[in-house]
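Colleague: Please put together the full structure from these sequences, using the hints given.
Protein chains: 2
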Amino acid sequence: MRLLIIEDEKKVADFIARGLRAERFAVDVARDGMAGWEMVSAVNYDLVVLDLMLPGISGTEILRRLRCRGGNAAILVLTARDATNDKVENFEAGADDYLTKPFAFAELLVRVKALLRRPPPTRNHVLRVADLELDRLTQQVRRAGKRIELTAKEYSLLEYLAAHPGRVLSRTMIIEHVWDESFEGLTNIVDVYVRHLRVKVDEGHSKKLLRTVRGVGYCLSEEEAT
Amino acid sequence: MRLLIIEDEKKVADFIARGLRAERFAVDVARDGMAGWEMVSAVNYDLVVLDLMLPGISGTEILRRLRCRGGNAAILVLTARDATNDKVENFEAGADDYLTKPFAFAELLVRVKALLRRPPPTRNHVLRVADLELDRLTQQVRRAGKRIELTAKEYSLLEYLAAHPGRVLSRTMIIEHVWDESFEGLTNIVDVYVRHLRVKVDEGHSKKLLRTVRGVGYCLSEEEAT
DNA sequence: CCCATCATTAAAAAATACTGAAAGTCAGAT
DNA sequence: ATCTGACTTTCAGTATTTTTTAATGATGGG
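One line per chain: the protein sequences are A and B, in this order. Counting from 151, one number per residue, gives the positions in the first sequence under the numbering used here. Counting from 151, one number per residue, gives the positions in the second sequence under the numbering used here.
Accuracy of the hints is not assured; some may be wrong.
If chains are identical, the list can't say which one is meant, so a pair holds when it fits in one copy or spans any two.
To be verified - Below are the DSS-like pairs computed for lysine-lysine, each with C-alpha atoms no more than 27 Å apart in a straight line:
#1 K358 <-> K296
#2 K160 <-> K251
#3 K263 <-> K251
#4 K303 <-> K263
#5 K358 <-> K303
For the record, the hints were derived by calculation from the structure and aren't laboratory data.
Modeller: Printed below as a string of structure tokens:
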């Protein structure tokens, strides 16, 4: 999940960014309206956290443009406490939710999660493939009930594979999903990470879940390879 | 003091929130049962103002869950005038006080203050994780029966971690709860205090309770990492 | 047997966490 | 009011882990 924060106060931006990153979101920060607008145009974000009080292009202007461009990013607006009059306006202009400053991070997090959960209501908390379980809420992984520690990237990759069990995913697809959009041409990073996962997930189990499909990519499946 | 209002009527919620903020409480608002439950799970509130008539999860359900989870938040329930029959039920379910709508703000304030002033009743003073015990009444901490001296901040941090055993808490969350300032930019103060705790709590014990989850935060847990 | 493809390993680069000490704060005692 | 000592916070250097690159060895289909 890709998020953009458009906020000029460094403290606030850092604080939010750090918290959201800890929740394993990919977070970018823009420090003013112009930069924000450019980034929004360049990348397909899932959600934008937008401060309305900005130097350069005003937040309201960005909001309007975003909606008229018809992107599919959810928009969470930050307003000053007493700007209550603007609220109605903002909702009309296309904000999906708003929060008045100052706010507790937990409050922001709840709203962000609510907005991101919105489109696919089928998003299950627990993915299961054979005796492998991933909990998307707590990001915990277990195999045969035993806890497995994964790094951020490892988890990300495994989640992607587990979300499409039995399906063969190409390296290109994987890179686009797990790593940022554009990754330099030739790299074997996917292979390396698949190996990491094999060591942590498959090693010591007779049933191997990670399967290589030559010339195509990788696949996480219950079926035993021949 | 951290308060949460769970109330779907915007007018009422705003009204109460504003009034309580003027009294210098840190107030969060949840607009439906689901959001409320998530926030309660995420944050250790001192008091929850809970409307019983909610969309999503019903207020009664939240009440039940809260108590069964055994948080230490006081709960002030708002009910409709004529729902007198429910009152007894609610008290049994664990409400600490109730108020019938409509009510005067002053009335609410009196009850809130009374609840917050109350000496923590004989409910869950003791948090326990493995052989670590914290008594919230006396703020005493013991590991394997042996007394540990902690400073105010150290205790505060440990209590927060112990209140959510097994759960990974991000630095952002921790800063918000233990240091109530909202937006402190980048600081490693949490790291420093975790170290203090490690020296006092984990050092000399073979089973380490404080676990670092890289890129995310910290966790107090009985479970041994793999 | 050849060659493209994949696996494995090592090691550089980047990100993140730990550590110890200095500087700053605050409350109680003198 | 000033001092004192404990507590809190900041800072900077070190250590560790993760991520990425790259080089080498293995494998299998044609």
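Colleague: List, from low to high, the hint numbers that the structure doesn't satisfy.
Modeller: none
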